[in-house]
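Using the sequences and the hints given, assemble the complete structure.
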Amino acid sequence: MIDVKDLLRELREEPYEKIVIRAPHSGRVEFVVQEPGTKVAGASGTWKETSGTLLARLEREQNKKPLFAPQKGEIMSFAGIQSGQFVQAGQELMTIRHFLTREEVIDRILRRSLSLFPAPEKGKYYFFPDVDIKIKTKGSQTVHVEDGMELFILSRMKRETSVRYSGPAGIIYAVYFETNDSVDRNSPLIGVCPESELGKIQEVISRVQSDWEERD
Amino acid sequence: MDIEKRIQELRDRLKYIQDIFGADENTNVTMLDAKLGEYLLREPGLTEQEAVRQLETLEELFRFLEKKLERELTPMNRVRIVRHPQRICLKDILENVYDNYTEIGGQDDYSIDPSMLIARAYITRRRGKKIHHQAVMVIGQEKGHGQEFRNGGSVKPWGNAKALHYMKVAETENIPIHTYIFTPGSYPIEDYPGAAQQIAKNLYEMAGLKVPIVAVISEGGSGGAEAIGLADTRIMMSHGYYSVISPEGAAAIEGRLRGGQRAEPRLIERCAEQLKITADDNRAMGFVDWKINEPPLGARPEHYDFFRKLRKSVIASTDEIVLGVSGMRLFRSLALKRHKGADVYVRWSLNARAKERLLWTRYMKYRRMAQSAYLDKRHWFSRGSESIGEFVTSLYSYFRYDLFGKQHKKVTELAEDMHAEMQVVVGRSTRYWKGLMSKLSFGKGKKEVDTAGLTSLSAWDEAAQNNGKWQYVSPQAKKDRSVTCPNAPVHGCLDQWAPDLFGEWAGVCSFCGHHFPMEYQWYLHNIFDPGSIYEVFSEIESVNPLKFDGFDLKLDEAKRKTGHKCGCMTFEARIEGTSVMVAMFMGAFRGGSVGAAEGEKFIRAMERARKKQLPFLSYVHGTAGIRIQEGVNGVIQMPRCTMAVRRYTEAGGLYLVLYDTNSYAGPVASFLGCSPYQFAVRSANIGFAGPGVIKETTGMDIPPNYHNAFQALSRGHIQGIWDRREIRSNLVQSLQTMGGRNLYYR
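These protein sequences, in sequence, are chains W and S.
When we follow the working numbering, the leftmost residue of the first sequence carries the number 1, and every step to the right adds one.
When we follow the working numbering, the leftmost residue of the second sequence carries the number 1, and every step to the right adds one.
Hint data in this document are derived by calculation from the structure and do not stem from the laboratory.
By construction, the Cβ of each residue, glycine as well, lies at the ideal position given by its N, Cα and C atoms.
You may find that some hints are simply not true.
[Stated by the list, open to error] Below are the DSBU-like pairs computed for lysine-lysine, each with C-alpha atoms no more than 35 angstroms apart in a straight line:
hint	chain 1	residue 1	chain 2	residue 2
1	S	Lys695	W	Lys48
2	S	Lys554	W	Lys64
3	W	Lys136	W	Lys158
4	W	Lys64	W	Lys48
5	W	Lys124	S	Lys695
6	W	Lys65	S	Lys695
7	S	Lys695	W	Lys39
[Said to hold, decoys possible] Now the in silico label distances, taken between C-beta atoms and shown as ranges:
hint	chain 1	residue 1	chain 2	residue 2	range
8	S	Arg258	W	Glu92	30 to 40 angstroms
9	S	Asp108	W	Ser155	38 to 48 angstroms
10	S	Thr698	W	Pro168	42 to 52 angstroms
Written as structure tokens, this is what we have:
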């Protein structure tokens, strides 16, 4: 189990994600965004139907293809390529610095500090009735799980199968699925942490929630 | 107490006037405001007698200035009148115009759609000592004086479906229908039955409804109005409006506004004036039959005289329709002609012959509309010769299909029956005889089986596969460049070389099957038999009937660019030797919008197809909807063309619709959407309103593929999706398997 406090320190030292923009194929590049530090927007809309900021155009065989910013952030650096220069497929064009939001930090901490139990196959998942009642009345963090414990009921195409938990023993810290929603194979169902780590994780999470400063 | 009530009434009247005149500076409104304010300041110090006297003077001033303001009303003021919560609504009419009514399928917001109100109503008439109760089906949009759940009279598709259901009930019960139009437009969603497709169904059914229909228009907004507006008599309230689009919508299009931007009030005002939306304009253009005068500044629920007038009008209209088609009518017709609302009694049920006459009268009424809104430049000689040609065609058609055809059919059917009878008798004896012979012949005479045909692989038929040898190759294929498929981020399609993509592959992505738009010429040359296209009615030309600012230039530009006189090309062509009549709507001509010229060509083509017993194909290369600059001249094409479709399909034709690229609004909600056989070229978009309009009016977020052909197919709006390269073979298949009895090749 990793040390969550160290993880938070790491994130504080580098509170962003670096996104390297590469040429999807060879061609002549023409930069639209030219200054480091320029703010860019990512794809937006309910279905991500609105493209992000136009970063550059890549022309091959008279076909100008736009390159959009995939995430919100700012231009960190350019890879020293001039507008009008020919680039090869996969060549680095620029790097975007995407500042992590509070939710993203929490998600990273949880995904690295918890043991995630993935869905073995696609279907609807339910907790066993006694576990379900306990979660509904007292919360998921009161449920202790152990390797081999019958924890879920998988319902698919008129058949119901019990699914056993496999992984380290601990308590259920987070539940990642909703009742009656279909869960894809390998999507996480629950995140488990050892009881001894619970306090530490909760403390780090509450610190992130109160102290983390989000940057544009 | 009485004074307080009267003061409150004046306050309400002033508020109403201020709402109507909006932000416009008007000295009369300012004066009323000032005078009322002064009176309110003075009133506490006055004796009761003096207060009453001054109040009477003030009321007189209100009456006087209201009449004066009435003369100053602009079209936009009228729009504000009909949208005002104090405007009369359908429930007021049911209470005051009819003697008794029962609301069907709704109690306030407990209704499938509270904005559509259906009621069975009675009108009681006394003749001498006898009392007649005459039943009517009342259908209309209900605004409910601004009740939120009524949605402002914007009816959802299932509301229009409910209206249609009860129209059919009225037909079964043989009672007239009175419709009241109080809608700014239909609620633009695609959920089944779909805004456009349901309006199309309503129009199609109303075209053949065998009971008198009277429509009264207060707010007639485009497709929503047409959904219940195809009537034998259309009455319009003097302060109402009837328009192809709301003035705000027209201004947004004229000003090329996007993404929720608001048009300037001056532009909206100008659009309202130019669209000719008032009752007088519509009466002058012949789109409504009567105008009912309202009290100054519009009818409100307390104007009982107006309801009396409305009652007389709807009764007289229904009488007139019935007398117009029934047998014994001489004196009553004369009386009604001399005086609208004359006190005569007419039984409102129709007999079978009267019903047929009613449908023909209705068809001819709409057929004659908007005749001056297009240009027909033919010389009188060519018109005459074409009329003779049409007469000869009709005559030929009569002899070939009606006179000879029917007899021929009878003889053929008789021969078929006799043959079938004989087969039963002969078949049994032949089987017996064959069985006996085979036993005697010891295996001789066995048939040779083509084993090679069954066991060897079929050969590649180059001609059948086209192999890139299209008759017409798109100019897009002549550019040395590569093209990226819009689905590349999802499906990972690689870039394709334009000469391959637009040449051999007919504009179809070889990775995901996305269809890139192609020119309409591609279809003309690659679907129909080479050299078989014979254009008809090409002289009919789009004009600017409302003298809309700047539209002449735009029209000239479209004509120059496309080489066509309007956005619809009508022609006869052959597919595998079978002649078809085609109406093609070209996206390149003003977005494929439909105006009076396009509608007229479509109807003439339909009539020609009916006479010649040809199957009919509407190929929609693209249509953005009804041409707003032609106002009601455009929107009236919805009922006109749908009636032509009904007449054609009932005569036993086959009406096929093929959508390509983008098809939206009025045409889909009428003469295209009413076809039982609608197909779409893959990657086409079909719908009622575009995503921007839906977001704007409903507040719903629309997914990017909302109007995609596959979505339309899932919703049951269309009947199939065709690959562009297979259109010809699919059409051949359709011609052979679909359609009515009277196709010449059957």
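Lys65/W paired with Lys695/S [C-alpha distance capped at 35 angstroms] = holds, 29 angstroms
CB of Asp108/S to CB of Ser155/W, is that within 38 to 48 angstroms?
-> holds, 41 angstroms
Does the alpha-carbon distance linking Lys124/W and Lys695/S stay inside the 35 angstroms limit?
-> holds, 33 angstroms
Take a quick look at whether Lys695/S and Lys48/W sit within 35 angstroms of each other, Cα to Cα.
-> holds, 16 angstroms
Would you check the hint for Lys695/S and Lys39/W, treating anything up to 35 angstroms between C-alpha atoms as holding?
-> holds, 29 angstroms
Mind checking the alpha carbons of Lys136/W and Lys158/W for me, to see if they're no more than 35 angstroms apart?
-> holds, 25 angstroms
Given the proposed pairing of Lys64/W with Lys48/W, does the C-alpha separation stay at or below 35 angstroms?
-> holds, 22 angstroms
Using the beta carbons of Arg258/S and Glu92/W, state whether their distance is inside 30 to 40 angstroms or not.
-> holds, 36 angstroms
Within 35 angstroms, alpha carbon to alpha carbon, are Lys554/S and Lys64/W?
-> Holds, at about 31 angstroms.
Return holds or violated for the Cβ distance of Thr698/S and Pro168/W against the range 42 to 52 angstroms.
-> Between Thr698/S and Pro168/W, where Cβ atoms are some 50 angstroms apart, the hint holds.
In terms of the numbered hints stated before, the structure departs from none.
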